[in-house]
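Protein chains in written order, with this note's numbering: chain A, 1 to 286; chain B, 1 to 637.
In short, the hints are calculated from the structure, not lab data.
One should not assume that every hint holds.
Over 12 Å on every C-beta distance to chain B, these chain A residues come out as not near it, computed from the model [unchecked claim]:
{"hint": "1", "residue": "Asp61"}
{"hint": "2", "residue": "Ile84"}
{"hint": "3", "residue": "Leu89"}
{"hint": "4", "residue": "Gly90"}
{"hint": "5", "residue": "Glu104"}
{"hint": "6", "residue": "Lys164"}
{"hint": "7", "residue": "Ser174"}
{"hint": "8", "residue": "Gly175"}
{"hint": "9", "residue": "Asp200"}
{"hint": "10", "residue": "Phe205"}
{"hint": "11", "residue": "Asp215"}
{"hint": "12", "residue": "Glu240"}
{"hint": "13", "residue": "Trp264"}
{"hint": "14", "residue": "Glu267"}
{"hint": "15", "residue": "Gly270"}
Which stretches of chain A does chain B cover? Using the computed rule of at least three CB atoms under 8 Å from a CB of chain B, they are [what the hints assert, rightly or not]:
{"hint": "16", "stretch": "69-78"}
{"hint": "17", "stretch": "150-159"}
{"hint": "18", "stretch": "180-194"}
Going by beta-carbon spacing under 7 Å, a handful of chain B positions derived as facing chain A [as the list claims (entries may be wrong)]:
{"hint": "19", "residue": "Ser30"}
{"hint": "20", "residue": "Ile46"}
{"hint": "21", "residue": "Ile134"}
{"hint": "22", "residue": "Asn137"}
{"hint": "23", "residue": "Ala138"}
{"hint": "24", "residue": "Asp400"}
{"hint": "25", "residue": "Thr473"}
{"hint": "26", "residue": "Trp520"}
We treat Cβ as the ideally placed atom computed from N, Cα and C, and that holds for glycine.
Chain by chain, the residues:
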Amino acid sequence: MIILDQVLPYVMQIHQKMHLSRVFSVVWSHRRQAVVGLALLGLLALFAIGCGADTPQNTFDTKGEVAERQKDLFLIAMWPALAIMIAILGGTVLILIRFRRRSENDIPKQTHGNTTLELAWTIAPAILLFGLGIPMVAALWEIGRDPSPDAFQVNVEGQRFLWKFEYPELLDESGDPVVTFSEVNVPAGREVALHLTSIDVIHSFWVPKLAGKLDAIPGRTQTMWLRADEPGSFSGQCAEFCGLNHADMRLVMHALPVEDFEAWVDEVTGGGSSASAAGVGGDSGG
Amino acid sequence: MAGVAQAGNPLGRALRDVRHMAEDRYSIWSWIATVDHKRIGIMYGITAFTFFLIGGVEALLLRIQLAQPNSTFLDPDQFNRLFTMHGTTMIFLVVMPLSAAFFNLVIPLMIGARDVAFPRLNSFSFWAFLAGGIFLNASFFIRGNIFEGDIGAPGAGWFGYAPLTSTEFSPGHGIDFWILGLLILGVASMAGGFNFIVTILNMRAPGMTLLRMPLFVWMTLVTSFLIIFAMPVITVALFELLFDRLYNANFFNASVGGSPLLWQHMFWLFGHPEVYILILPAMGIVSEILPTFSKKPLFGYPFVVFSGVAIGFMSWGVWVHHMYTTGLGTVANSAFGLSTILIGVPTGVKIFNWLATMWGGSISIKTPLLMCAGFVTMFTIGGLSGVLHTMVPSDFQQQDTYFVVAHFHYVLFGGSIFALFAGVYYWFPKFTGKLLGEGLGQLHFWLMLIGFNLTFFPMHISGLLGMPRRIYTYQEGFGFDTLNMMSTVGGFIIAASMLVFITNFISSLRNGEKSGRDPWDARTLEWSLPSPVPNYNFKEVPVVEARDAFWYTKYRENEEGVVVRIEGAAADDEEDDGEGGHGIHLPSPSYFPLIAAAGLPIIATGLIYDPALVAVGVATTMIGVFGWAIEPPTERR
């Protein structure tokens with residue numbers, strides 16, 4: 001009550017004779033201003049803490065088409081949500097100030113309700129929410145489509161507590177698919193199809209800067225796609241609790257520029273015959 | 001049974017002596033054998049608060065571990081077991097039973113009844129809850145010396161996703177304790193659910209039609225229906241898991257054709273109604289306190305009632321929003337995304353009506369009201385971040401991150417816990433005759449509000465920065481460090497606020513200010529009774545003529561529509577000494593519900609360790625049930 005004790009009497013004095021419309025100006029004056037300003041500064045500081053430092057798994061610092069789409073959708077919902085939050089929080093505080101009990105004998109008018117208001121605040125949020133539903137479903141179908149046929153293929157297998165990546169199009173010298181663990185190389189700028197499964201418990205494959213997650217479930221294989229718009233190494237980790245060392249089940253996805261990627265393919269396939277079969281670099285040919 | 005009760009028989013004599021002891025109001029036995037809903041409510045409350053402290057200590061240990069990167073305060077195994085127990089405890093042993101405590105304390109008084117419909121079943125509910133809670137926590141000790149770090153306890157999360165819970169990936173008996181503990185707690189909840197449905201539907205005072213029931217009674221009714229429909233679902237799932245573990249049943253074993261996802265469907269088909277089981281009673285409490293402290297009736301009563309009922313129905317159609325990333329496909333995700341959006345509408349209606357209740361009122365800013373204001377604002381934040389989660393594609397990013405942790409703590413702590421504390425401050429005088437200290441109460445509120453926001457608001461951001469849930473540690477260089485330290489500091493501020501509360505509670509019990517019958521100028525029937533409430537509740541069963549029945553015995557509207565106090569009405573003077581209730585029949589105390597409940601953990605222990613114990617447990621429960629059935633009534637009046 002300390003804060004209110006200091007601030008309230010002052011505010012009360014001023015707007016004792018005022019109507020609610022004047023309350024806003026009071027709130028924005030003097031000590032109130034400091035309080036609100038501090039709160040906003042705190043919020044900004046929080047974001048600064050987040051965004052200023054190195055944040056390799058930042059879902060807002062997107063580097064791929066899917067993550068970008070997801071971030072945009074998030075923001076579409078976040079701004080109205082923040083506005084409503086501020087309105088309701090501020091509204092509650094204002095109501096507490098404006099309608100605080102001044103005298104014990106004060107008995108207010110006994111209003112029981114208002115059907116028009118009820119309908120309004122049922123229908124308006126419904127419209128707003130379904131307004132959010134439209135871009136949501138649109139984005140869902142866009143992201144949920146099958147990967148394009150010329151996407152680079154990777155089979156991902158979750159196992160406690162590391163990721164195994166198998167490249168079905170890249171065969172090594174003995175004719176087996178190339179396999180890597182914990183790090184996965186993909187061509188930058190080209191769509192990648194990931195076929196997820198697990199050999200033990202449920203895991204979830206997640207590289208935040210490139211795309212949201214999809215579970216790797218034993219007994220089934222599910223496919224997601226993503227694309228790194230620019231070369232880089234992107235951090236990710238298992239996002240479904242899988243037991244003892246869940247926190248250590250990390251991965252790095254290297255999106256390589258075309259030359260580097262081809263060089264790596266040549267290295268692991270020992271000459272590149274199978275690489276050409278995989279259509280490396282020829283992604284747009286169809 | 002007549003033979004046993006005869007005086008010459010030593011066993012009969014012993015039984016009679018024990019029953020005599022239970023008649024003495026000041027003896028501990030009278031608490032153990034009590035069937036009085038008020039005493040059972042108090043025991044529910046104290047037990048659940050004790051578990052709240054245990055769950056809170058678990059949370060603090062987790063927060064210490066996460067305060068800094070690469071911390072080794074806990075090892076991964078300890079961390080996993082502690083967060084599993086933290087979640088399980090807070091949901092099943094804290095918020096649910098704290099709500100049950102208020103059902104017990106308040107519902108019969110609000111509807112003008114002398115007790116619940118089945119007082120001994122009520123006692124059984126409590127003892128089964130206590131048994132389940134102790135059984136669950138006993139798992140801490142099954143691996144050796146807990147003080148040397150050998151923590152037993154389940155370690156697969158409160159959600160227990162298959163196949164991580166199989167014997168292959170979770171050896172030892174932790175998961176078995178978890179399954180059986182939840183099954184016992186389920187029995188307690190089911191019994192309570194049926195009891196309160198029957199009580200509310202059948203035992204209302206004359207004139208109290210459904211649409212005159214206080215909002216808390218309505219929300220209890222909806223919650224009780226949710227309980228009796230949701231608990232069987234989790235029970236089936238738990239039995240299947242138990243069979244998988246004990247008898248190799250393979251319900252969830254993918255390698256032989258079982259389905260890990262089957263568990264998730266059943267768990268969340270229970271789990272989402274469960275969320276509303278946790279929040280609807282809180283909404284009911286707030287809907288009682290806001291009108292009282294604003295001196296205005298609840299705004300839009302029928303809309304608040306029906307939005308609560310609507311939430312109850314709709315809670316069955318949204319469970320897949322816990323499973324967006326399991327790959328159920330775009331059609332399923334779209335459908336459940338839209339149904340989840342829809343459930344935001346009735347929730348919003350409630351918030352607007354609470355604000356409208358305060359609007360134009362004469363608001364007494366005391367601790368119960370502050371707690372409610374905390375509820376409305378914090379729950380709004382939790383609800384809005386819930387709306388963000390319904391955006392399926394962006395939820396692919398937030399699922400299983402700290403953003404979710406922030407969201408549901410805003411709902412369950414910022415929502416339920418704030419409202420439950422509001423209830424404690426509000427009804428404490430009714431059952432003790434004393435007010436909780438206002439100064440310490442407000443200190444408690446502000447500390448809790450600040451600590452809560454410092455703990456959980458930064459989690460939104462650490463989640464968006466890509467910090468997954470349930471990781472025992474993280475590395476430097478991800479931007480998580482400062483945010484996690486803030487959360488940890490906030491956690492300790494919450495802990496400090498609890499110390500303030502406990503101090504306040506104990507000192508107020510001893511030398512609190514006397515409250516009289518009606519310290520808040522309240523609106524519902526319980527405030528027409530002396531404080532503390534005599535054991536028979538109502539000397540005469542009241543006749544209800546309006547919603548807010550008690551208010552209208554104190555106030556009426558004059559010709560100009562202005563509300564005036566009725567002279568001399570419901571004067572806050574006469575102290576009832578509890579002697580006025582002669583001739584009122586009360587149910588007699590009984591030990592048998594306790595005996596019946598005591599058999600359950602014995603059966604559970606037997607299933608894990610030794611089938612012989614199962615027989616002992618079954619026999620104990622059977623003795624309890626049969627004794628209960630044929631116990632003769634005493635002549636107590």
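Against the structure, the hints:
no., hint, verdict
1, Asp61, "9 Å, violated"
2, Ile84, "6 Å, violated"
3, Leu89, "5 Å, violated"
4, Gly90, "10 Å, violated"
5, Glu104, "9 Å, violated"
6, Lys164, "18 Å, holds"
7, Ser174, "28 Å, holds"
8, Gly175, "28 Å, holds"
9, Asp200, "7 Å, violated"
10, Phe205, "9 Å, violated"
11, Asp215, "5 Å, violated"
12, Glu240, "6 Å, violated"
13, Trp264, "26 Å, holds"
14, Glu267, "29 Å, holds"
15, Gly270, "35 Å, holds"
16, 69-78, "holds (count 8)"
17, 150-159, "violated (count 0)"
18, 180-194, "violated (count 0)"
19, Ser30, "40 Å, violated"
20, Ile46, "28 Å, violated"
21, Ile134, "26 Å, violated"
22, Asn137, "21 Å, violated"
23, Ala138, "23 Å, violated"
24, Asp400, "4 Å, holds"
25, Thr473, "6 Å, holds"
26, Trp520, "12 Å, violated"
Checked against the numbered hints above, the structure breaks hints 1, 2, 3, 4, 5, 9, 10, 11, 12, 17, 18, 19, 20, 21, 22, 23 and 26 and satisfies the rest.
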